[in-house]
Amino acid sequence: MSTVGPWRPDSKPGATRSRLRLHWPGGGGQEGTTTLESPAVRNRIDLRLRLTQAAVLFAVTLLLLGFWRLQVVHAPHYRELAENNRRRDELVRAPRGLITDRNGYLLAANRPAYNVTMVREEVTDRASTLDWLSTVLNQSVRELEDRLASQRGIPSFRPVVVAEDVSMAIVASIEARGREYPGVLIQPEQKRYYPEATLAAHVLGHVGEITRPQLDSWERDRFHLGDIVGQNGIESVHNDALAGWAGERNVVVNSAGRTVRVLDQVPPDPGKTLVLTLDARLQADAEAQLADKRGAVVVLNVETGGVLALASSPTFDPNIFAARFSRTQWESLVNDPADPLQNRALQSHYPPGSIYKLVMAVAGLERGIINPQTSVFCPGGRTIYGHYYGCLAGGHGRVSLQSAIGRSCNVYFYELGRQLGREAIVEASQRFGLGARTGIDLPNEDAGTLPTDEWLGANRDGRWYPGETIVLSIGQGPIDTTPIQLAKIVAMLGSGLQVEPHLVLREEEAAVSSLRAGVDQGARPSAVPTPVQVSAAHRHLVLDGMWAVVNDNGTGWRARNPDVPFGGKTGTAQVASRALTGPEEDRPEQLRNHAWFVGLAPVNDPEIAIAVLIEHGGGGGLAAAPVGGHVMSTYFALQAGTDDAIAQSPDGSEGESRR
Amino acid sequence: MILFDRRSFRAFDYVLLSTMALLYTLGTILVASAGGSVYFRKQIVFAAVAIPLAIAVSTIDYRRLRDRAYLLWGLVALSLVGLLFFGAERAGARSWIDAGPIGIQPSELAKVVVILAIARYYAEGDPRPFGLRGLYVPGLLAFVPFVLTALQPDLGTASTFIPIVAGIAWVAGLRISTAVRLSLLGAALAPLGYFLLEDYQRARLFTFINPDVDPLGAGYQIVQSKIAVGSGGLVGKGLFSGSQSQLQFLPAQHTDLVFAVLGEELGFLGVAAALSLYLLLLLRILQIGRRSRDRLGSFICAGVAALLLYHLAVNVGMVIGFAPITGIPLPFLSYGGSSALTTSMALGLVLSVRTRRFLN
Numbered sequence: 140m141s142t143v144g145p146w147r148p149d150s151k152p153g154a155t156r157s158r159l160r161l162h163w164p165g166g167g168g169q170e171g172t173t174t175l176e177s178p179a180v181r182n183r184i185d186l187r188l189r190l191t192q193a194a195v196l197f198a199v200t201l202l203l204l205g206f207w208r209l210q211v212v213h214a215p216h217y218r219e220l221a222e223n224n225r226r227r228d229e230l231v232r233a234p235r236g237l238i239t240d241r242n243g244y245l246l247a248a249n250r251p252a253y254n255v256t257m258v259r260e261e262v263t264d265r266a267s268t269l270d271w272l273s274t275v276l277n278q279s280v281r282e283l284e285d286r287l288a289s290q291r292g293i294p295s296f297r298p299v300v301v302a303e304d305v306s307m308a309i310v311a312s313i314e315a316r317g318r319e320y321p322g323v324l325i326q327p328e329q330k331r332y333y334p335e336a337t338l339a340a341h342v343l344g345h346v347g348e349i350t351r352p353q354l355d356s357w358e359r360d361r362f363h364l365g366d367i368v369g370q371n372g373i374e375s376v377h378n379d380a381l382a383g384w385a386g387e388r389n390v391v392v393n394s395a396g397r398t399v400r401v402l403d404q405v406p407p408d409p410g411k412t413l414v415l416t417l418d419a420r421l422q423a424d425a426e427a428q429l430a431d432k433r434g435a436v437v438v439l440n441v442e443t444g445g446v447l448a449l450a451s452s453p454t455f456d457p458n459i460f461a462a463r464f465s466r467t468q469w470e471s472l473v474n475d476p477a478d479p480l481q482n483r484a485l486q487s488h489y490p491p492g493s494i495y496k497l498v499m500a501v502a503g504l505e506r507g508i509i510n511p512q513t514s515v516f517c518p519g520g521r522t523i524y525g526h527y528y529g530c531l532a533g534g535h536g537r538v539s540l541q542s543a544i545g546r547s548c549n550v551y552f553y554e555l556g557r558q559l560g561r562e563a564i565v566e567a568s569q570r571f572g573l574g575a576r577t578g579i580d581l582p583n584e585d586a587g588t589l590p591t592d593e594w595l596g597a598n599r600d601g602r603w604y605p606g607e608t609i610v611l612s613i614g615q616g617p618i619d620t621t622p623i624q625l626a627k628i629v630a631m632l633g634s635g636l637q638v639e640p641h642l643v644l645r646e647e648e649a650a651v652s653s654l655r656a657g658v659d660q661g662a663r664p665s666a667v668p669t670p671v672q673v674s675a676a677h678r679h680l681v682l683d684g685m686w687a688v689v690n691d692n693g694t695g696w697r698a699r700n701p702d703v704p705f706g707g708k709t710g711t712a713q714v715a716s717r718a719l720t721g722p723e724e725d726r727p728e729q730l731r732n733h734a735w736f737v738g739l740a741p742v743n744d745p746e747i748a749i750a751v752l753i754e755h756g757g758g759g760g761l762a763a764a765p766v767g768g769h770v771m772s773t774y775f776a777l778q779a780g781t782d783d784a785i786a787q788s789p790d791g792s793e794g795e796s797r798r
Numbered sequence: 029m030i031l032f033d034r035r036s037f038r039a040f041d042y043v044l045l046s047t048m049a050l051l052y053t054l055g056t057i058l059v060a061s062a063g064g065s066v067y068f069r070k071q072i073v074f075a076a077v078a079i080p081l082a083i084a085v086s087t088i089d090y091r092r093l094r095d096r097a098y099l100l101w102g103l104v105a106l107s108l109v110g111l112l113f114f115g116a117e118r119a120g121a122r123s124w125i126d127a128g129p130i131g132i133q134p135s136e137l138a139k140v141v142v143i144l145a146i147a148r149y150y151a152e153g154d155p156r157p158f159g160l161r162g163l164y165v166p167g168l169l170a171f172v173p174f175v176l177t178a179l180q181p182d183l184g185t186a187s188t189f190i191p192i193v194a195g196i197a198w199v200a201g202l203r204i205s206t207a208v209r210l211s212l213l214g215a216a217l218a219p220l221g222y223f224l225l226e227d228y229q230r231a232r233l234f235t236f237i238n239p240d241v242d243p244l245g246a247g248y249q250i251v252q253s254k255i256a257v258g259s260g261g262l263v264g265k266g267l268f269s270g271s272q273s274q275l276q277f278l279p280a281q282h283t284d285l286v287f288a289v290l291g292e293e294l295g296f297l298g299v300a301a302a303l304s305l306y307l308l309l310l311l312r313i314l315q316i317g318r319r320s321r322d323r324l325g326s327f328i329c330a331g332v333a334a335l336l337l338y339h340l341a342v343n344v345g346m347v348i349g350f351a352p353i354t355g356i357p358l359p360f361l362s363y364g365g366s367s368a369l370t371t372s373m374a375l376g377l378v379l380s381v382r383t384r385r386f387l388n
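If you read the protein sequences in the order shown, they are chains A and B. With the numbering used here, the residue at position 142 of the first sequence is 281, and numbering never jumps. With the numbering used here, the residue at position 25 of the second sequence is 53, and numbering never jumps.
I should point out that these hints are in silico values taken from the structure, not numbers from a laboratory. Just so it is clear, the structure is predicted and the values come from calculations on it, not from any experiment. We put the beta carbon where it would ideally sit given N, CA and C, even for glycine. Check each hint, because a few of them may be wrong.
Unchecked claim - FRET-style restraints, in silico, Cβ to Cβ:
| # | chain 1 | residue 1 | chain 2 | residue 2 | range |
| --- | --- | --- | --- | --- | --- |
| 1 | B | P279 | A | V310 | 24 to 30 Å |
| 2 | B | L220 | A | R316 | 32 to 38 Å |
| 3 | B | I88 | A | T274 | 40 to 46 Å |
| 4 | A | P215 | B | A301 | 22 to 28 Å |
| 5 | A | V399 | B | R69 | 42 to 48 Å |
| 6 | B | L179 | A | R316 | 51 to 57 Å |
| 7 | A | P327 | B | L220 | 43 to 49 Å |
| 8 | B | L179 | A | S306 | 48 to 54 Å |
| 9 | B | G64 | A | E219 | 23 to 29 Å |
| 10 | A | T350 | B | L262 | 49 to 55 Å |
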């Protein structure tokens with residue numbers, strides 16, 4: 140042990156070698172050099188091996204201490220971390236309430252759809268995951284990036300929607316390879332669905348993803364980023380009832396973010412079912428009558444103000460708005476010059492034309508300026524204040540109130556207007572709600588125009604020429620009305636009650652047992668009906684005139700029904716002056732007059748009021764009265780027939796066949 | 029069977045064999061829990077082959093293997109060279125020879141062969157204590173496979189050659205002063221080695237020092253592994269019930285991180301039991317080394333013990349954040365056939381040393 144020198148194994152036989160050739164007692168000497176070991180060497184090796192054993196004991200003890208620290212001392216801390224790893228709170232969106240017509244016919248429902256979502260926190264390789272998704276979804280990586288960017292506000296542990304309503308083929312291929320791409324999930328979602336596509340589109344409106352301003356201003360804790368909420372029509376106005384309340388569930392997820400099981404949940408509170416006052420069959424008939432035209436039809440229950448049909452044409456399919464990302468489709472709708480999104484029944488205004496004569500008549504009767512015996516001779520026009528105002532070429536001859544309404548004599552009403560003056564006309568108009576919104580539960584209603592003092596002050600510096608009163612008397616000049624306003628006037632004339640047009644018959648809890656075909660005619664928004672400030676006798680005189688319009692050689696004869704006495708009034712709202720553009724028939728369409736028809740049926744005991752507007756349709760009697768007559772006839776056909784016979788399909792042709 | 033006479037049965041080390049069997053049983057159950065039925069079935073086959081293989085190797089007189097040690101070393105070195113050019117790539121390293129359904133990892137064989145070659149070298153040499161010079165040849169015997177394996181690149185496996193040399197040299201009589209000086213030199217050179225590492229290896233080292241810096245990236249394994257072990261508590265969550273492992277929060281849970289599954293599902297008590305088995309195994313190997321009839325046997329036992337201790341310390345240390353993440357499997361418990369093969373051959377050698385004490 141003392142010698143320190145060059146160490147060569149087995150190299151030099153000699154002195155060293157001979158010293159080694161000692162017999163080791165334990166071994167057999169015949170085996171060769173390896174067994175020739177001295178007890179000293181043997182002892183040293185044994186010592187070293189014993190030290191090694193001690194080192195092993197030390198190492199294992201050290202490891203054991205490490206585990207003790209982790210598993211016993213700090214166990215609660217790590218247990219909590221493990222819980223956070225695996226447990227997650229998830230939002231469970233409430234199913235949106237259904238919308239049905241008054242008979243339970245489904246207008247808006249939900250259907251299951253599958254979304255591809257991404258839990259960004261779980262994605263390990265973002266670039267390759269997006270590449271893969273881009274191939275599977277057949278969409279560019281850029282598009283996917285944009286979508287992710289638009290949802291940046293959602294916490295990264297919550298799934299964000301990458302693609303919506305994908306096919307089962309895509310669902311299958313993502314499920315198959317999902318393990319390779321953690322964080323990519325398929326999530327089912329209830330999607331808004333309008334089974335009849337365009338039916339009542341303007342009433343229903345559409346849904347869409349909640350916007351930032353909505354999220355900021357609506358109830359806290361109720362709505363969440365990514366929610367689908369009403370964005371127009373009933374869907375938007377009654378979103379509160381339809382939306383319900385989201386639930387929550389506590390789930391166990393695996394490392395890829397997939398839900399393994401549900402630990403605890405608060406079920407969502409589904410939205411309420413809205414039963415509308417609409418009759419889908421009548422609605423379908425109204426829409427069929429408007430097909431290929433631009434215009435609107437409104438049918439009201441005269442007692443309650445419940446809207447039985449509200450159609451606007453051209454229309455659209457609200458289903459395309461239910462998708463989060465199909466912007467191109469609805470951009471084409473927005474940019475369409477025919478403006479299919481515009482609800483012409485209440486968002487557009489038109490001069491009422493001769494329909495206004497109904498208001499004029501009431502005003503004249505109430506002020507005592509005219510009575511049923513009052514008669515006026517119509518030579519085909521009259522010069523007032525030095526200006527010639529025209530009427531029917533050849534003249535109506537001697538007309539009374541009834542025939543003046545029935546044949547729409549301008550001269551009678553010029554004279555009446557001249558005697559009434561603007562203030563009286565405006566006052567009567569306001570009694571019927573003109574110049575103000577009807578308050579129907581649909582967004583962006585137009586109030587129309589009425590030449591009130593305020594209006595004159597704001598627009599004309601208070602100036603008003605006497606000649607304008609003459610023009611106003613036949614519904615021209617600074618007066619504009621919406622179809623629903625005119626339908627409301629007619630309903631008020633028919634029932635003698637204040638009418639508040641509305642669309643919701645009732646709300647029902649989501650668990651709808653069976654929607655019974657309703658005989659219920661619709662609840663009024665206000666419990667006690669308020670009478671209109673017009674004497675019943677005067678109203679009936681006007682109704683007599685309306686009867687004459689349809690049944691006594693009047694302008695609305697095309698609306699006539701042989702079985703039910705209809706009342707009506709036609710109107711033609713001038714778009715361009717005849718003097719400038721020549722005869723109506725020769726004008727290009729956009730310069731042709733708007734055609735109006737309002738109706739009341741049965742006129743002797745009114746149930747429904749209707750207003751029809753055909754944009755640039757020409758004469759009201761020609762273009763609008765047949766539509767009004769058809770829709771009113773359909774109403775009575777539906778009343779007469781057993782509901783079941785027709786209820787299966789709200790199809791415009793049903794009404795026609797029964798006429 | 030000729031060799032299996034009465035004496036050899038008596039000479040067999042049943043303690044070692046039953047420890048092996050217990051560890052393999054535990055390993056198979058853990059692989060089933062962490063990896064699922066496919067790995068489970070394969071692991072049963074590996075375990076079922078491993079024990080008979082160890083017995084078979086033990087029937088060979090280790091002194092006969094000694095005579096061919098340098099030849100075997102040369103063959104292994106050659107195959108490692110060949111691997112660099114023709115090897116099949118698995119998990120980023122060219123470490124496999126594809127031989128039909130079974131892949132062979134020459135670097136695994138190299139561990140056993142290097143033990144044998146170094147043990148032979150010291151056994152045939154001057155038994156007196158030695159300094160640096162006594163490390164030249166064994167150093168070379170380990171360095172060649174080390175470099176060739178590191179080039180695959182598989183630094184984890186390559187690093188196992190260092191404890192083999194160290195362990196045998198220590199028992200063979202390396203002077204303590206030299207050992208201390210070499211350790212100091214190694215510590216001083218360690219920062220230099222940092223510059224030789226690949227980026228991902230540096231990241232692993234960095235996250236070993238501070239795993240919370242990037243818990244979802246490079247530090248993920250350490251963090252998740254510690255959560256698994258820590259949340260297991262004293263008695264564990266029960267087999268097949270560890271949330272971390274069953275929900276796949278643990279990466280490589282049936283191979284490198286299988287001990288984390290043990291910690292989570294069987295708790296500290298399970299860990300203590302498993303570590304006791306390893307302790308028993310290692311002490312037994314060293315005990316056989318002490319009782320060996322010749323130095324060669326002692327050195328073989330020292331090499332095998334050093335190899336197994338290194339695997340145990342690095343793998344289990346990694347699970348609780350004591351050691352950086354390396355691809356070093358845990359003998360008996362980690363899923364895998366190639367590592368089981370090495371372990372069996374190494375333990376076969378030890379059994380042979382033990383048996384030979386009673387024979388001839």
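Hints, verified against the model:
no. : hint                        : verdict
1   : B:P279 / A:V310: 24 to 30 Å : holds (28 Å)
2   : B:L220 / A:R316: 32 to 38 Å : violated (44 Å)
3   : B:I88 / A:T274: 40 to 46 Å  : violated (56 Å)
4   : A:P215 / B:A301: 22 to 28 Å : holds (23 Å)
5   : A:V399 / B:R69: 42 to 48 Å  : violated (24 Å)
6   : B:L179 / A:R316: 51 to 57 Å : violated (34 Å)
7   : A:P327 / B:L220: 43 to 49 Å : violated (58 Å)
8   : B:L179 / A:S306: 48 to 54 Å : holds (50 Å)
9   : B:G64 / A:E219: 23 to 29 Å  : holds (28 Å)
10  : A:T350 / B:L262: 49 to 55 Å : holds (54 Å)
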